[in-house]
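There are 2 protein chains.
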Amino acid sequence: MGIERVEARIEAEFEQHLDRVRRFVRQPSISGEGVGMQEMAALVRDSIAGLGGGAEIVATPGWPVVYGAVDAGRPKTLLLYGMYDVQPVEGEDWEVPPFAGETVDLPRLGPSIVARGVYNTKGPLAGMFNVLEAIQRADGRLPVNVKFVVEGEEELGSRNLPAFVSAYRDKLGAHATYFAFYCQDPNGKPVLWLGVKGIQYFEVTCRGGAWGGPRTRGVHGSNAVWVGSPAWRLVRALATMMDDDEGIRVPGLRDDVVPPSAEDEALLASLVETFDPATHLSNWDAGRFKYPDDRAALLRHYLYDPTLNIDGIWGGYTGAAMKTLLPHEVRVKMDVRLVPNMEPERVRDALRAHLARLGREDISVHFYDGYPPAKTSIAEPSVQALLAAIRSLGREPEVWPHLAGTAPFYLFRRMLGQPFVAGGLGHGGRPHSPNEYATIDGMRLFERSVARFFYEFAGG
Amino acid sequence: MGIERVEARIEAEFEQHLDRVRRFVRQPSISGEGVGMQEMAALVRDSIAGLGGGAEIVATPGWPVVYGAVDAGRPKTLLLYGMYDVQPVEGEDWEVPPFAGETVDLPRLGPSIVARGVYNTKGPLAGMFNVLEAIQRADGRLPVNVKFVVEGEEELGSRNLPAFVSAYRDKLGAHATYFAFYCQDPNGKPVLWLGVKGIQYFEVTCRGGAWGGPRTRGVHGSNAVWVGSPAWRLVRALATMMDDDEGIRVPGLRDDVVPPSAEDEALLASLVETFDPATHLSNWDAGRFKYPDDRAALLRHYLYDPTLNIDGIWGGYTGAAMKTLLPHEVRVKMDVRLVPNMEPERVRDALRAHLARLGREDISVHFYDGYPPAKTSIAEPSVQALLAAIRSLGREPEVWPHLAGTAPFYLFRRMLGQPFVAGGLGHGGRPHSPNEYATIDGMRLFERSVARFFYEFAGG
Numbered sequence: 001m002g003i004e005r006v007e008a009r010i011e012a013e014f015e016q017h018l019d020r021v022r023r024f025v026r027q028p029s030i031s032g033e034g035v036g037m038q039e040m041a042a043l044v045r046d047s048i049a050g051l052g053g054g055a056e057i058v059a060t061p062g063w064p065v066v067y068g069a070v071d072a073g074r075p076k077t078l079l080l081y082g083m084y085d086v087q088p089v090e091g092e093d094w095e096v097p098p099f100a101g102e103t104v105d106l107p108r109l110g111p112s113i114v115a116r117g118v119y120n121t122k123g124p125l126a127g128m129f130n131v132l133e134a135i136q137r138a139d140g141r142l143p144v145n146v147k148f149v150v151e152g153e154e155e156l157g158s159r160n161l162p163a164f165v166s167a168y169r170d171k172l173g174a175h176a177t178y179f180a181f182y183c184q185d186p187n188g189k190p191v192l193w194l195g196v197k198g199i200q201y202f203e204v205t206c207r208g209g210a211w212g213g214p215r216t217r218g219v220h221g222s223n224a225v226w227v228g229s230p231a232w233r234l235v236r237a238l239a240t241m242m243d244d245d246e247g248i249r250v251p252g253l254r255d256d257v258v259p260p261s262a263e264d265e266a267l268l269a270s271l272v273e274t275f276d277p278a279t280h281l282s283n284w285d286a287g288r289f290k291y292p293d294d295r296a297a298l299l300r301h302y303l304y305d306p307t308l309n310i311d312g313i314w315g316g317y318t319g320a321a322m323k324t325l326l327p328h329e330v331r332v333k334m335d336v337r338l339v340p341n342m343e344p345e346r347v348r349d350a351l352r353a354h355l356a357r358l359g360r361e362d363i364s365v366h367f368y369d370g371y372p373p374a375k376t377s378i379a380e381p382s383v384q385a386l387l388a389a390i391r392s393l394g395r396e397p398e399v400w401p402h403l404a405g406t407a408p409f410y411l412f413r414r415m416l417g418q419p420f421v422a423g424g425l426g427h428g429g430r431p432h433s434p435n436e437y438a439t440i441d442g443m444r445l446f447e448r449s450v451a452r453f454f455y456e457f458a459g460g
Numbered sequence: 001m002g003i004e005r006v007e008a009r010i011e012a013e014f015e016q017h018l019d020r021v022r023r024f025v026r027q028p029s030i031s032g033e034g035v036g037m038q039e040m041a042a043l044v045r046d047s048i049a050g051l052g053g054g055a056e057i058v059a060t061p062g063w064p065v066v067y068g069a070v071d072a073g074r075p076k077t078l079l080l081y082g083m084y085d086v087q088p089v090e091g092e093d094w095e096v097p098p099f100a101g102e103t104v105d106l107p108r109l110g111p112s113i114v115a116r117g118v119y120n121t122k123g124p125l126a127g128m129f130n131v132l133e134a135i136q137r138a139d140g141r142l143p144v145n146v147k148f149v150v151e152g153e154e155e156l157g158s159r160n161l162p163a164f165v166s167a168y169r170d171k172l173g174a175h176a177t178y179f180a181f182y183c184q185d186p187n188g189k190p191v192l193w194l195g196v197k198g199i200q201y202f203e204v205t206c207r208g209g210a211w212g213g214p215r216t217r218g219v220h221g222s223n224a225v226w227v228g229s230p231a232w233r234l235v236r237a238l239a240t241m242m243d244d245d246e247g248i249r250v251p252g253l254r255d256d257v258v259p260p261s262a263e264d265e266a267l268l269a270s271l272v273e274t275f276d277p278a279t280h281l282s283n284w285d286a287g288r289f290k291y292p293d294d295r296a297a298l299l300r301h302y303l304y305d306p307t308l309n310i311d312g313i314w315g316g317y318t319g320a321a322m323k324t325l326l327p328h329e330v331r332v333k334m335d336v337r338l339v340p341n342m343e344p345e346r347v348r349d350a351l352r353a354h355l356a357r358l359g360r361e362d363i364s365v366h367f368y369d370g371y372p373p374a375k376t377s378i379a380e381p382s383v384q385a386l387l388a389a390i391r392s393l394g395r396e397p398e399v400w401p402h403l404a405g406t407a408p409f410y411l412f413r414r415m416l417g418q419p420f421v422a423g424g425l426g427h428g429g430r431p432h433s434p435n436e437y438a439t440i441d442g443m444r445l446f447e448r449s450v451a452r453f454f455y456e457f458a459g460g
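Protein chains in written order, with my numbering: chain A, 1 to 460; chain B, 1 to 460.
Source of the hints: derived by calculation from the structure; they are not laboratory data.
Yeah, the Cβ is synthetic: ideal placement off N, Cα and C, and Gly gets one too.
Do not rely on the hints blindly, as some may be mistaken.
[Claimed, not checked] Rough simulated footprint, nothing fancy, chain A against chain B, three-plus residues with beta-carbon under 8 Å:
| # | stretch |
| --- | --- |
| 1 | 29 to 41 |
| 2 | 68 to 77 |
| 3 | 319 to 326 |
| 4 | 394 to 408 |
[Stated by the list, open to error] A short, non-exhaustive set of chain A residues, derived as facing chain B with CB atoms under 8 Å:
| # | residue |
| --- | --- |
| 5 | 88 |
| 6 | 189 |
| 7 | 268 |
| 8 | 270 |
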């Protein structure tokens with residue numbers, strides 16, 4: 001069996017495999033701040049070229065997409081989606097430098113690499129290249145043809161990916177799209193999801209202008225007695241968008257939400273048996289959920305409720321002292337997570353209409369590119385292949401109808417008509433947070449599960 | 001006449017006088033950040049000692065008070081209050097470095113020193129020492145005995161000044177307290193005020209805890225669907241404190257407000273004739289007031305309304321990119337300005353009671369030290385002396401019942417029973433803001449007006 005030789009190879013070469021993970025995370029690639037992006041794209045291109053495939057860095061109006069293909073002369077083809085960008089670390093307090101690729105022995109988890117992007121998602125990306133190389137060295141050629149789309153703007157809402165997919169449509173044909181990811185929870189349980197929510201990120205600004213308020217700079221705080229306050233006006237406007245129980249009060253925002261499908265209901269019926277709310281709370285170090293502790297109800301909130309989140313808010317004096325200031329500008333970053341049947345354009349319309357009804361000419365909104373949710377059926381052969389790969393390693397996956405997180409899978413689903421599948425063994429945590437990590441034992445398991453998935457998908 | 005020799009001396013020595021102003025502003029003294037405070041206190045002490053007086057740096061639990069006295073053997077004594085601390089510059093965008101003491105030729109204003117503190121208030125402090133030295137050199141001795149209280153925590157709410165005044169009460173006896181300040185508006189009109197508002201500064205924090213929300217770090221924004229948001233909870237709580245027209249909704253906060261006194265009404269009747277709202281708007285680069293453009297009504301709002309201001313708000317991701325985050329902690333700095341008859345303790349009680357009624361155990365409030373307003377009668381000899389000094393230089397002052405700004409004059413008024421007077425010619429602007437400035441021509445006029453005030457107060 002090819003797979004046995006491949007797994008022996010992974011074991012034998014594993015120290016070098018970790019070196020690639022470290023190389024990937026040591027190269028900062030912060031799309032939002034423009035740090036290290038070209039260098040990281042080159043690392044990805046070189047990894048594809050190293051497999052003997054054609055590889056190119058495709059320019060976009062933003063950060064480039066790395067495209068490539070390895071034709072192994074096989075009947076089945078997989079489109080491997082990945083991302084090479086990571087979230088900023090600004091304002092975060094890390095135990096180790098976020099781009100040093102240091103190994104830390106974490107309590108209860110064991111030796112882990114702690115670095116920005118090691119979990120989300122340069123660790124799995126590096127691991128996938130490790131697997132493909134190991135297969136070629138062990139087995140001569142890959143069991144499936146592969147194509148690569150590795151974008152550099154996932155953390156910016158994949159804003160230039162639609163145009164790329166449209167332009168490269170003829171080169172992206174495949175039987176399925178696969179996104180490799182560490183999917184085990186801290187207790188080792190593999191968690192697979194068959195879809196993602198969509199997202200609409202936006203920024204609301206209130207500043208002084210013709211309506212009043214200081215126009216160009218913060219002024220002495222005593223003037224708040226007769227000069228309007230952009231800060232108060234923003235607070236008042238935000239308060240109209242949410243009630244005290246964090247229920248969204250923007251009319252129309254929930255209009256398109258639909259109940260779970262029949263397939264989702266079937267998945268929920270078994271998910272509720274294994275779903276462990278306490279693990280989730282502990283992941284986020286939260287004391288309790290904002291809903292009563294009923295597992296079935298919690299699941300439905302988590303999967304089928306849209307959110308309206310405040311990601312950040314700032315304005316005026318934020319130092320340690322006592323400074324009185326009437327700020328001229330206050331800003332807030334927000335996002336809506338879209339559940340099945342919601343569309344970003346309709347979300348933008350609802351938000352625009354709500355702000356317009358407030359009649360606040362001092363408030364402006366800037367929408368980032370958004371995208372809709374996407375789902376795949378559990379019956380798809382690619383999904384069944386991943387389930388089989390994981391089960392063959394002695395683990396029973398917990399299958400979620402979708403994830404509350406987001407990824408631009410609608411592109412592959414809608415534009416290319418491909419089913420997609422995401423996951424793999426392995427464990428990481430704290431995405432978008434300080435001390436993001438992935439365990440080293442998990443990385444080894446990840447590589448074995450991905451190799452098995454390729455062989456399962458190829459037909460055994 | 002002594003005053004003529006003194007003014008000739010000021011003119012002859014003026015370049016050296018400017019050097020002292022530059023020396024004072026080039027020495028950073030940011031009380032809120034603990035930068036340069038001991039060095040600045042030593043500069044002040046040395047200036048007092050240079051007058052031949054006793055001078056000491058008096059330790060407090062915070063930054064020291066500089067105390068000193070020069071006994072000129074005169075019948076009248078003035079207590080000269082000043083402050084040697086300045087506001088932070090963090091987050092501000094300056095045209096010149098804020099502690100370089102550079103001269104900039106400002107449009108319409110002419111050559112000016114642009115620096116933190118040059119207006120508020122190390123420029124006037126340096127100028128007062130220049131005047132006292134010039135008098136001694138020109139006239140042999142001062143026309144009044146002087147005592148000095150120069151504190152280093154004015155920008156922190158003068159939190160240790162009450163204990164100092166209490167401890168030094170026996171050494172602080174004087175006929176009046178004087179605070180030297182540039183009081184001309186950009187058009188050259190001298191604006192005198194006979195009092196100040198009080199202030200209560202505080203900080204409100206909402207963070208995750210037993211109630212829910214992430215407790216120790218911001219987490220992936222998708223969790224906002226089921227984990228509580230400190231940001232939304234703070235916004236909702238703030239919104240209960242203010243209505244859409246920026247009217248304060250905290251019950252009890254306005255309970256102690258009284259109508260203007262008879263003396264205030266008389267001052268208002270003439271003030272309304274010269275009060276120029278447009279100059280004020282232009283000072284703050286605001287498009288309009290938050291009230292209709294009725295001069296009498298505007299004045300009453302400005303002087304007799306308490307404020308509840310948001311000085312700064314911050315939490316979560318505030319960088320340039322698109323980062324989804326559920327922040328674990330959001331903070332806001334706020335202040336209340338107290339008008340006549342309000343007391344800080346009553347303000348704290350009203351705020352505490354309001355937050356308690358909301359039942360938000362996730363919200364905590366920290367009160368900085370506050371103080372009440374203070375006023376002096378226009379009939380006081382010290383006030384009349386300053387008015388005469390300004391008129392003798394050919395300018396007619398506009399007299400305000402008090403200022404919307406704050407200073408701890410209640411200490412001198414209540415604890416020492418002294419009337420106080422504040423002002424002097426000269427012009428500066430942008431206190432607490434980038435590119436704070438004071439004009440050089442104004443500094444010359446300031447010194448002449450202060451010298452004349454000393455002689456007027458001494459009895460001509």
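| field | Restraint check, 8 Å cut-off on beta carbons, for residue 88 (chain A) near chain B | value | This hint holds: residue 88 (chain A) lies near chain B, its Cβ roughly 5 Å from the closest one there, short of 8 Å.
| said: Let's test the interface hint: is any C-beta of chain B closer than 8 Å to that of residue 189 (chain A)? | reply: The hint is violated - residue 189 (chain A) has no Cβ within 8 Å of chain B, the shortest such distance being about 19 Å.
| field | Verdict on chain A covering the stretch 29 to 41 of chain B, where coverage means 3 or more residues with a C-beta closer than 8 Å | value | With 4 residues closer than 8 Å to chain A, the stretch 29 to 41 of chain B meets the three-residue bar; holds.
| said: So, as I understand it, the hint says residue 270 (chain A) touches chain B; can you test that by seeing if any CB pair is closer than 8 Å? | reply: Given a least distance of 20 Å, the restraint on residue 270 (chain A) is violated.
| query | Quick check: the stretch 68 to 77 of chain B, covered by chain A? Criterion 3+ residues, Cβ under 8 Å. | reply | Coverage by chain A is violated for the stretch 68 to 77 of chain B (0 residues, Cβ < 8 Å).
| Verdict on chain A covering the stretch 394 to 408 of chain B, where coverage means 3 or more residues with a C-beta closer than 8 Å | Since 4 is at least three, the answer is holds.
| request: Would you check whether residue 268 (chain A) satisfies its interface hint, that is, whether its CB is within less than 8 Å of any CB in chain B? | output: 15 Å, violated
| task | Would you check chain A against the stretch 319 to 326 of chain B, counting CB to CB pairs closer than 8 Å, and say if three or more residues qualify? | result | holds (count 8)
Hint compliance for this structure: hints 2, 6, 7, 8 are broken, all remaining hints hold.
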